[in-house]
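> For the protein sequence lines, the chains are L and F, in the order given. Under our numbering, think of the first position of the first sequence as 8, with each following residue one higher. Under our numbering, think of the first position of the second sequence as 46, with each following residue one higher.
Fair warning: there could be bad hints in the mix.
So the derived list for chain L, only partly shown, Cβ under 7 Å to chain F, looks like this [stated by the list, open to error]:
| id | residue |
| --- | --- |
| 1 | I12 |
| 2 | E25 |
| 3 | G35 |
| 4 | Y55 |
| 5 | F81 |
| 6 | P112 |
| 7 | G113 |
Hint data in this document are derived by calculation from the structure and do not stem from the laboratory. All C-beta atoms in this analysis are idealised placements derived from N, C-alpha and C, irrespective of residue type, glycine included.
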Amino acid sequence: DAGVIQSPRHEVTEMGQEVTLRCKPISGHNSLFWYRQTMMRGLELLIYFNNNVPIDDSGMPEDRFSAKMPNASFSTLKIQPSEPRDSAVYFCASRFNNNEQFFGPGTRLTVL
Amino acid sequence: QKEVEQNSGPLSVPEGAIASLNCTYSDRGSQSFFWYRQYSGKSPELIMSIYSNGDKEDGRFTAQLNKASQYVSLLIRDSQPSDSATYLCAVKRASGTYKYIFGTGTRLKVLA
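Use the sequences and the hints to build the structure in full.
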């Protein structure tokens, strides 16, 4: 069974550009998380969806960040406009109910 | 004060020794505790979970929880070079909730 799938795996963009990160959760999982990982701040929860509905977006740093989950098998995290301080690894994770969450391979974002 | 604190390391131990990783947390209401292993450039993977005071053993891994002192530790017996990774401590405030609070991780190096 495929795990969590994320694309792209690496993204290099220039400041001011729009960035869209994509995630396909594990089939049957009903919860999806977007995390950001940096050396300084570690792994931080950005937004949590349950049954495709955003439950907690308090971790989204500012209005430049937005996330959607149009159906149970797809989610996007968009940054517009991007800034150099957004450079990080972005992970998507999914789980079924209160069970273990499984992480995707991550997207390494570099904003120049 | 960070909610979950870990020494960043690196913690270097010789092959075959016991590696001891520690984590403290600030929220006394925390009920669920997790250790994740993250290899360089990879995503976190769950290796241990613990919910009650005392020790929990799984193979070469032992998780220890002391809620009164608000710390959780991970012991790795007979350390192997393949155990070299960053170990993330994560805490959930109450059972059934979704939000994991992660520490920034301790980098472990097992020297052959």
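> If a hint holds in the structure, say so; if it does not, say that too.
Hints, one by one, checked against the model:
A cut of 7 Å between beta carbons decides the hint on L/I12: the least distance to chain F is about 12 Å, and the hint is violated. About 25 Å separates the beta-carbon of L/E25 from the nearest beta-carbon of chain F, more than 7 Å, and the hint is not met. The closest approach between the C-beta of L/G35 and any C-beta of chain F is roughly 17 Å, which is over the 7 Å cut-off, so the hint fails. With 7 Å as the threshold, the beta carbon of L/Y55 comes within range of chain F, its nearest partner Cβ sitting at about 5 Å, so the hint holds.
The criterion of a C-beta within 7 Å of any C-beta in chain F is not met by L/F81, whose closest approach is roughly 19 Å, and the hint is violated. Proximity of L/P112 to chain F holds as hinted, the smallest CB-CB distance being about 6 Å (cut-off 7 Å). The criterion of a C-beta within 7 Å of any C-beta in chain F is met by L/G113, whose closest approach is roughly 5 Å, and the hint holds.
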